[in-house]
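With the hints as constraints, model all of the structure from the sequences given.
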Amino acid sequence: DAGVIQSPRHEVTEMGQEVTLRCKPISGHNSLFWYRQTMMRGLELLIYFNNNVPIDDSGMPEDRFSAKMPNASFSTLKIQPSEPRDSAVYFCASSTTENTEAFFGQGTRLTVV
Amino acid sequence: DAKTTQPPSMDCAEGRAANLPCNHSTISGNEYVYWYRQIHSQGPQYIIHGLKNNETNEMASLIITEDRKSSTLILPHATLRDTAVYYCIVRVGRGSQGNLIFGKGTKLSVKP
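From first to last, the protein sequence lines stand for chains A and B.
With this note's numbering, letter number 73 in the first sequence gets 73, and the count goes up by one each step, no holes.
With this note's numbering, letter number 80 in the second sequence gets 1080, and the count goes up by one each step, no holes.
No lab work stands behind these hints, which were simulated from the structure alone.
Computed from a predicted structure; not experimentally measured.
Wrong hints could be hidden among the right ones.
[Said to hold, decoys possible] Estimated spans, in silico, between C-beta atoms of each pair:
| # | chain 1 | residue 1 | chain 2 | residue 2 | range |
| --- | --- | --- | --- | --- | --- |
| 1 | A | GLU101 | B | LYS1003 | 37 to 43 angstroms |
| 2 | A | ASP56 | B | MET1059 | 43 to 49 angstroms |
| 3 | B | THR1056 | A | ASN51 | 44 to 50 angstroms |
| 4 | B | SER1028 | A | ARG109 | 32 to 38 angstroms |
| 5 | B | ALA1017 | A | THR20 | 43 to 49 angstroms |
| 6 | A | GLU62 | B | ARG1081 | 36 to 42 angstroms |
| 7 | A | MET39 | B | ALA1017 | 43 to 49 angstroms |
| 8 | A | PRO84 | B | GLY1015 | 26 to 32 angstroms |
[What the hints assert, rightly or not] Here are a few chain B residues that sit away from chain A, every Cβ distance over 12 angstroms (derived from the structure):
| # | residue |
| --- | --- |
| 9 | MET1010 |
| 10 | CYS1012 |
| 11 | ALA1013 |
| 12 | ASN1019 |
| 13 | ASN1023 |
| 14 | THR1026 |
| 15 | GLN1038 |
| 16 | SER1041 |
| 17 | PRO1044 |
| 18 | GLN1045 |
| 19 | ILE1047 |
| 20 | HIS1049 |
| 21 | SER1061 |
| 22 | ASP1082 |
| 23 | ARG1091 |
[Stated by the list, open to error] Covered, in the sense of this in silico footprint (three residues per stretch, anywhere, with C-beta under 8 angstroms from a C-beta of chain B), are these stretches of chain A:
| # | segment |
| --- | --- |
| 24 | 8 to 20 |
| 25 | 69 to 77 |
Glycine included, every Cβ here is placed at the ideal spot set by N, Cα and C.
Following this line, the structure appears as structure tokens:
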């Protein structure tokens, strides 16, 4: 298995633009997590899904952020409109229900200018 | 999920054992202790987890005190590649998908 795949690896966008980050979890995993990491705030959990259903989105910073999981093999994190303070590395992770070890992707480095 | 307390940084000589402590005094009976590490610019990597018994795998050993209020991750022979931030996390384990909340972790520097 190729592991958790995130795209793009790097994204540079202008303030006000819409940004969509993508994640393909490991096949057979039914839990998916989105994280944001900055120097100031560390690794923050934004939202997690179980069986494609959002279970806890209390970490989503504001209405500009939204996440979807239309099927078991794909999830998106969208920021609209983007702001410079959204600049961070965004990680996606997945795990099974039985094995709670979470596997992380390589992350997407987002820069909003 | 219970909170954890870790020292912000530690040094270790290459080839020596690295012992990373973690306090989790408010841990609940159904919460496991997990350890992850993050090497610079990479996603976090799972190391080991346990409930109350000591655990060992190819990467490390986990020692949990009898009262479960603290634990120690042991890297038996640290190498330069073990330089990373190590996170101790407590969460509800097998059969339930609780949040996986990371604290600030311990930055381990392995020196030649």
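Results of checking the hints against the structure:
1. GLU101(A) <-> LYS1003(B): 37 to 43 angstroms: For GLU101(A) and LYS1003(B) the Cβ distance comes to about 21 angstroms; the hint is violated.
2. ASP56(A) <-> MET1059(B): 43 to 49 angstroms: violated (29 angstroms)
3. THR1056(B) <-> ASN51(A): 44 to 50 angstroms: violated (33 angstroms)
4. SER1028(B) <-> ARG109(A): 32 to 38 angstroms: Holds - the Cβ-Cβ distance for SER1028(B) and ARG109(A), about 36 angstroms, lies within 32 to 38 angstroms.
5. ALA1017(B) <-> THR20(A): 43 to 49 angstroms: holds (45 angstroms)
6. GLU62(A) <-> ARG1081(B): 36 to 42 angstroms: holds (39 angstroms)
7. MET39(A) <-> ALA1017(B): 43 to 49 angstroms: At roughly 30 angstroms between Cβ atoms, ALA1017(B) and MET39(A) fall outside 43 to 49 angstroms, so the hint is violated.
8. PRO84(A) <-> GLY1015(B): 26 to 32 angstroms: violated (45 angstroms)
9. MET1010: holds (17 angstroms)
10. CYS1012: Given that every Cβ of chain A is farther than 12 angstroms from that of CYS1012(B), nearest at about 22 angstroms, it holds.
11. ALA1013: holds (27 angstroms)
12. ASN1019: holds (23 angstroms)
13. ASN1023: Holds, because the least Cβ-Cβ distance between ASN1023(B) and chain A comes to about 18 angstroms, which exceeds 12 angstroms.
14. THR1026: holds (19 angstroms)
15. GLN1038: With a cut-off of 12 angstroms, GLN1038(B) comes too close to chain A, as the shortest Cβ separation is near 8 angstroms.
16. SER1041: violated (8 angstroms)
17. PRO1044: violated (5 angstroms)
18. GLN1045: Non-interface label fails for GLN1045(B): nearest chain A Cβ at 7 angstroms, not farther than 12 angstroms.
19. ILE1047: Violated: least Cβ distance 10 angstroms, not greater than 12 angstroms.
20. HIS1049: violated (7 angstroms)
21. SER1061: SER1061(B) is indeed farther than 12 angstroms from all Cβ atoms of chain A, at 17 angstroms.
22. ASP1082: About 18 angstroms separates ASP1082(B) from the closest Cβ of chain A, which puts it past 12 angstroms; holds.
23. ARG1091: About 8 angstroms separates ARG1091(B) from the closest Cβ of chain A, which leaves it inside 12 angstroms; violated.
24. 8 to 20: violated (count 0)
25. 69 to 77: Violated: only 0 residues of the segment 69 to 77 of chain A have a Cβ under 8 angstroms from chain B.
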